Amino acid sequence: MKIFTQRKIIILLAVAGFFFVVSLGILLLNIARVSGPLILHFDAFHGIDLFGSVGNIAGMWIMAFAMAIINLFLADLLYFRERVLSYAIVGMNVLISVFLFILMAVIASVN
Numbered sequence: 000m001k002i003f004t005q006r007k008i009i010i011l012l013a014v015a016g017f018f019f020v021v022s023l024g025i026l027l028l029n030i031a032r033v034s035g036p037l038i039l040h041f042d043a044f045h046g047i048d049l050f051g052s053v054g055n056i057a058g059m060w061i062m063a064f065a066m067a068i069i070n071l072f073l074a075d076l077l078y079f080r081e082r083v084l085s086y087a088i089v090g091m092n093v094l095i096s097v098f099l100f101i102l103m104a105v106i107a108s109v110n
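Under numbering that gives the first Met the number 0, the first residue of the sequence shown is numbered 0, with each subsequent residue one higher.
Calculated from the structure, these hints are not laboratory results.
There could be a bad hint or two in this list.
[Stated by the list, open to error] Label-pair distances were calculated between CB atoms; the ranges are:
#1 Ala65 to Ala104: 19 to 29 Å
#2 Gly51 to Phe17: 24 to 34 Å
#3 Phe98 to Asp48: 19 to 29 Å
#4 Phe17 to Gly54: 23 to 33 Å
Model, not experiment: these values are computed from the prediction.
Heads up, the beta-carbon is just placed ideally off N, CA and C, and yes, glycines get one too.
Could you put the whole structure together from the sequences, leaning on the hints where they help?
Right under this line is the structure:
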């Protein structure tokens with residue numbers, strides 16, 4: 000992949016990878032040991048309105064990781080045509096991984 004020659008891209012991917020690994024650790028260490036249904040969404044006015052299982056949470060992590068991999072291939076494809084767009088796509092990987100980390104941390108703290 001030609002995209003791995005740029006130092007900026009490597010740093011962004013390392014940050015995204017760090018957040019993916021930490022969110023996977025939260026998933027495996029905190030959420031996977033819960034035996035009952037997990038609270039996925041609650042509201043101050045209506046209370047708990049969405050439950051799920053560990054499989055649902057793992058599916059969210061897998062989907063976010065798949066989106067990051069697809070974004071990486073798109074960034075590599077667009078690297079020589081639209082370099083700015085390629086940087087923006089890799090930046091979105093960081094944003095996806097940070098949002099996934101926040102999601103796993105909130106679900107682990109609620110349950």
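Outcome of the hint check:
A hinted range of 19 to 29 Å for the beta carbons of alanine 65 and alanine 104 is consistent with their spacing of about 21 Å. Distance hint check: the CB atoms of glycine 51 and phenylalanine 17 are about 26 Å apart, consistent with the given range 24 to 34 Å. One distance hint, 19 to 29 Å for the beta-carbon pair phenylalanine 98 and aspartate 48, holds here, with the actual separation near 21 Å. As the Cβ distance of phenylalanine 17 to glycine 54 is approximately 25 Å, the hint placing it in 23 to 33 Å holds.
The structure fails none of the hints (numbered hints given earlier).
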